[in-house]
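**Q** Spelled out, the chains give:
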Amino acid sequence: DAGVTQSPTHLIKTRGQQVTLRCSPKSGHDTVSWYQQALGQGPQFIFQYYEEEERQRGNFPDRFSGHQFPNYSSELNVNALLLGDSALYLCASSSNTEAFFGQGTRLTVV
Amino acid sequence: EDQVTQSPEALRLQEGESSSLNCSYTVSGLRGLFWYRQDPGKGPEFLFTLYSAGEEKEKERLKATLTKKESFLHITAPKPEDSATYLCAVQEYGGATNKLIFGTGTLLAVQP
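Taken in sequence, the protein lines are chains W and X. Just so you know, my numbering puts 6 at position 5 of the first sequence, and the rest follows in order with no gaps. Just so you know, my numbering puts 124 at position 54 of the second sequence, and the rest follows in order with no gaps.
Hints listed in this document are in silico derivations from the structure and should not be mistaken for laboratory results. Keep in mind that a hint or two might mislead.
[Unchecked claim] Think about it this way: if two alpha-carbon atoms lie no more than 20 angstroms apart in a straight line, the pair counts; the simulated SDA-like pairs of lysine to any residue are: (1) K127(X) x T98(W); (2) K149(X) x L177(X); (3) K112(X) x P150(X); (4) K112(X) x I13(W); (5) K112(X) x T6(W); (6) K112(X) x S25(W); (7) K127(X) x E99(W); (8) K112(X) x L89(W); (9) K112(X) x Q7(W); (10) K112(X) x V110(W); (11) K127(X) x F101(W); (12) K112(X) x A39(W); (13) K129(X) x F101(W); (14) K112(X) x L40(W); (15) K112(X) x S87(W).
[Unchecked claim] To spell it out: a stretch of chain W is covered by chain X in this simulated footprint if at least three of its residues, at any positions, have a beta carbon under 8 angstroms from a beta carbon of chain X; those stretches are: (16) 55-67; (17) 104-110.
Since the model is a prediction, treat every value here as computed from it, not as a measurement. For every residue, glycine included, the Cβ atom is placed at its ideal position computed from N, Cα and C.
Turn these sequences into a full structure, and let the hints guide you.
**A** Next up, the structure:
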């Protein structure tokens, strides 16, 4: 079992650019959530996808959008990048009783 | 407002010196309380889920306990490889999702 896999592992972008991050959930999990973790902070909920639809969104602007595919994999898109978007982006796949995280994508905006 | 507070923010122990980390929470209805371990630059590694007051779970040198207001992560005879940030998160009943609300973590350093 490969667990939750994310790509890429590191990314450097320029302010104003757009970025797409990818996540493949753990086998048997159909729900994918995205979190943003700033340095020294706990992860903050961005949104969750189930059955290819966004179920709930945290306190993030519309520049953050996502998608879930029929095979349950997911993408996180961020438009018009700001310096403050620099963070570790985590994908979590879950069932009712467990939530496992990927290794994350470290995004640096310069 | 749902809130999770972890203490202390940082803890330094000598190898073999047992201690406890605290996670206090405020949530309208607790569906589950999660503990994770996170190494620098890595994703959180799942440790435990606790569901009801009085529940306890153990894994190697770690034991997690839960009351109606807080959870403790007890570390018995820690080793240097236990050094990491330990994150606590809660899941609330009644929401549309099973999102996790995290604390800011406790940074544990175990010295040989």
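**Q** Report the numbers of all earlier hints that the structure fails to satisfy, in ascending order.
**A** none
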